[in-house]
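Chemist: Each chain is listed here by its residues.
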Amino acid sequence: MQTVERAITIPAPPEDVWPAVSRSDDLSTWFGAEVELDARPGGRGVFRWPDGTERQAVVEAVEPGRRLSFRWLPFQRTPEGEALTVPSTRVEITLDAVPEGTLVRVVEQPAFSLPATLQTRAAATALAAIEA
Amino acid sequence: MKRDRTDAIFSALADPTRRQVIRALSQQGPSTATGLAANLPVTRQAVTKHLSALADAGLVTATRKGREKLYQISPRPLTDAVSWMADLGARWDERLAALRDHVAGFRRR
Numbered sequence: 003m004q005t006v007e008r009a010i011t012i013p014a015p016p017e018d019v020w021p022a023v024s025r026s027d028d029l030s031t032w033f034g035a036e037v038e039l040d041a042r043p044g045g046r047g048v049f050r051w052p053d054g055t056e057r058q059a060v061v062e063a064v065e066p067g068r069r070l071s072f073r074w075l076p077f078q079r080t081p082e083g084e085a086l087t088v089p090s091t092r093v094e095i096t097l098d099a100v101p102e103g104t105l106v107r108v109v110e111q112p113a114f115s116l117p118a119t120l121q122t123r124a125a126a127t128a129l130a131a132i133e134a
Numbered sequence: 005m006k007r008d009r010t011d012a013i014f015s016a017l018a019d020p021t022r023r024q025v026i027r028a029l030s031q032q033g034p035s036t037a038t039g040l041a042a043n044l045p046v047t048r049q050a051v052t053k054h055l056s057a058l059a060d061a062g063l064v065t066a067t068r069k070g071r072e073k074l075y076q077i078s079p080r081p082l083t084d085a086v087s088w089m090a091d092l093g094a095r096w097d098e099r100l101a102a103l104r105d106h107v108a109g110f111r112r113r
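Chains as they are written, first to last, in our numbering: chain H, 3 to 134; chain F, 5 to 113.
Hints are supplied without guarantee of correctness; some may be wrong.
Stated by the list, open to error - Some, not all, of what chain H presents toward chain F, calculated at C-beta under 7 angstroms:
1) 102
2) 108
3) 109
What the hints assert, rightly or not - Sample of chain H residues with no beta-carbon within 12 angstroms of chain F, all distances over it, derived:
4) 8
5) 42
6) 44
7) 56
8) 63
9) 73
10) 95
What the hints contain is simulated information worked out from the structure, not anything from laboratory work.
Where is the CB? At the ideal position from N, CA and C, for every residue including glycine.
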């Protein structure tokens, strides 16, 4: 579970879904935060949540109509206006045309990798869950 | 700067040797740095350093045993890290459902 993977099928072609995942106005309607994203490699993203939390991201890769990846910077501003270091993760959103429309896949993973295999005991199980 | 607890946990676990130490501790049970170093390809001094980093992140706890310290795993932070990832997944479930509704609404307009 080191990697969070989620997917949904949307009854619309990828060209209709792409603006929704790459344009600031569209992102702001569903992301849960007000989003300003410069969807170009190296572009900045600023995400402001209703509770006052603010996080920033850097766009890593863009294939229009197909793939967008960004990396969260390992800091956030708390609602109290303090700087807080948080785990750095990378988010990759891919769109694939399927007969029903578009398969949208999201992979978010910590920006480090853990090797596989672990057994026994509660802690080992938890570590295995992180590594899986 | 303040540090999120999960960040401290993930940072501590980002080091492969520290993961080996955790793994060895989980297999051997409570151990001293000397006991751990015997089964790891690093010196006792290095193990001690890693153990202290792991203790800072709350991943291991130490109790004194004679001249040495006895370390054991504290499973709670690991469980926290797992639930942090579970929360992350739940947030994406909500977002993707909202994305689908957004695109559907857009197409209806």
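Chemist: Hint by hint, which ones does the structure fall short of?
Modeler: 1, 3, 4 and 10
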